[in-house]
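**Q** Start from the sequences, fold in the hints, and give me the full structure.
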Amino acid sequence: MSLVREALLVAGKDLRIEARSRVTLAQIVPFGGIVVLLFAFALDPARGNLPRVAPGLFWVAVLLAALMALSRSFAVEARNSARDGLRLSGLDGSAVFLGKAMAVAAQLVALETVLGTLVVLLYDVHVSAWSVVLLSAVAATAGLAATGTLFGVLAAGSRRRETLLPLLLLPVVTPVMLGATRAFEAGLEGAPSEAWRWIGLLVLFAVLYLSAGVLAFDALWEEAE
Amino acid sequence: MEAVSNAVSLRSVVCLLGRFPALAGVDLRVRRREVVLLSGPNGAGKSTLLRVLAGLLPVHRGEVEVLGADLRSDRRAVRRRLALVGHDTFCYDDLTVAENLRFAARAAGRPARPAPEVLARFGLSGLADVRHGRLSAGQRRRLSLAVAFDRDAELLLLDEPHAGLDDAHRAELDLLIAAAPGEGRTVVLASHELERARALADREVRLEAGVVREPAGAPA
Amino acid sequence: MTGGARRAGLLGPRVSATTGVATAAALVALVVFGLAIAPPDEIQGDAQRIMYLHVPAAWAAYLAFGITTLASILYLWPRTRSIVWDLVAGASAEVGVVFTGLTLALGSLWARPVWGIWWAWDARLVTTAVLFFLYLGYLSLRRLPGTAESRGKRAAIAALIAFIDVPVVHFSVNWWRTLHQQATVFNPELDPQIHGVMAFTLWLGVLAFTLTYVYLLDRRYRLLALDEDREERELEAAIRARVGPGPAGGAGTTAGTTAGARAGVTP
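Chains as they are written, first to last, in my numbering: chain A, 1 to 225; chain B, 1 to 220; chain C, 1 to 267.
Derived by calculation from the structure, the hints in this document are not laboratory data.
Predicted model only: the values in this text are computed from it and were never measured.
Glycine residues also receive a C-beta, built at the ideal position from the N, C-alpha and C atoms.
Hints may contain errors.
What the hints assert, rightly or not - Among the chain C residues that face chain A by a calculated CB cut under 10 Å, a handful are:
(1) Leu136
(2) Gly146
(3) Ile157
(4) Asp165
**A** Rendered as structure tokens:
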């Protein structure tokens, strides 16, 4: 019903703001890129272990950059108290949650595309099962966007709250890190059958937290200061 | 019966900002189609009171009824039927004037009409494609008034609406406020510009240190 | 629930004191059984005795987080909403984090002689470490400024979000790594492999740590409740200060009487 329409409205608004301000494109994606480079410095490509650990490094880089994208998503609402405008408009909190999560997911997809290309080029990685890699990336992105948006609203606002987001979010997304990394490994090494249970886990995680967000976001949104 | 004739009814309302009682026990009744001026020094709780009436702040104690709905149990019930002009514009810096207006309208479930007359009334016609972040303070104020009056609300909550406006736009705003009761609207206006506001208001309620001092909150 | 009941703590003074004595007695008995009466393990020798602390600590940690979850549900449920449940959730999480830290430290001490390493990337270890951080975040969230109501709602929702994560973390880590010993006592099929006195000592440990948990929960709860009472009194004072002399608005009256009735213990 109108939930989807309202969610798309919010997502469209957030993406339009991103298209104007280009914070993700100009700051967050380059940040992810430098993290990918730093891992190579830390691990010494000459030893030839980069392709082996590439999936894990990729997802750590995505996760770090995602934290910035999430802070940004709620900083936009804090500026000029725009959040109060959203609340006054009578929009359903669930729609706000889905909309903001969609916008974050779209930005994460862009980020993952760039970082994935970098990893393939710089770490000398060969993908043998694209379907596994793409599917797990989609499921992991949905899970990250859902949990991130849910915890983002808890951590939005004052400065003290913004430093709280990583502490709240990172333990919760442990399964995403594990699942996405193992699934990617399977997709790279050509053992795709290994990947399916991890993809199943990622899908379960995404569904769990999308549902939790639809149920709980409204109350948190109302309590936000 | 009483609920029908009152647009706003507060009984012993305490509202906390953190651990500070910004409202320390407010009683207030506003009838429908009334224009009420909230006066009082800075920090008296005027803005907090307006935010409570808009359902943006929860109350710690007491009863709040706005447009017939109990805000204690459901703060969201009446939001689409009221408009709030606050210190902030509730707009997005990176969206243009027209986009902000359109988004606000669609979010409130109304058709996203271009609203040229709203733009014209507040002198925003030439600014439709300018981003909010590049507007001057006065232009921002006009935009937030445009967003608020575009809502066609039953209850207008105006927090220092004249601030930052030039004389022509102040006069325009006065006309809108004066016309509100005739259109079936109720207005609660917080202002420091007492002469101007008293001319518009049916009566004045003075807040001091989080309580209504004088005259008594209830109309005779 | 009234303020008076809150200040008395969860258990009431007499039960609380009795629990304290029972806790001390159980811990002493555990020391005697764990160090002297229970025989050394055939394979692990004396190092195995750490189990009498490690397993009960882990049990108490999980119990504590379970109580936090339960109290959070009761807080969110409109018919049982009371600040009591919010404070129970907070107090239990505090104690739970301590027990989780203890579990990790003891496990590490046990792993060194038995596995030859301080830390293993084993499923239950990793899950416990994630839990530790999960609830540290929860406790930080509770310390954010705000009204008691907004804190209560935020914290309760966060506790439930954290809780649904626990099984997912557990399964994912389990698939990833498993080299931990199979659960011994809690698995009925494997019961005979543990010596009678050893089993008794382990159960004694569970009892002692459960009592410790209950006692600490009661103490922490009492402190949090006193803190809450103090803040409420300060709030009443602040309201009175704002309203000033003269006919005060009706606001102060209802709460004022309960605060007055509560003012039995004054500093």
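**Q** Take the hints in turn and mark each one as holding or not.
**A** Results of checking the hints against the structure:
Using the Cβ-Cβ criterion of 10 Å, the hint placing C/Leu136 at the interface with chain A is satisfied: the shortest such distance is roughly 7 Å. Given the 10 Å rule on beta carbons, the hint for C/Gly146 holds: about 6 Å separates it from the nearest Cβ of chain A. The closest approach between the C-beta of C/Ile157 and any C-beta of chain A is roughly 5 Å, which is under the 10 Å cut-off, so the hint is satisfied. For C/Asp165, the suggested interface contact is upheld, since its CB lies about 5 Å from the closest CB of chain A, less than 10 Å.
In summary, the structure agrees with every hint in the numbered list given earlier.
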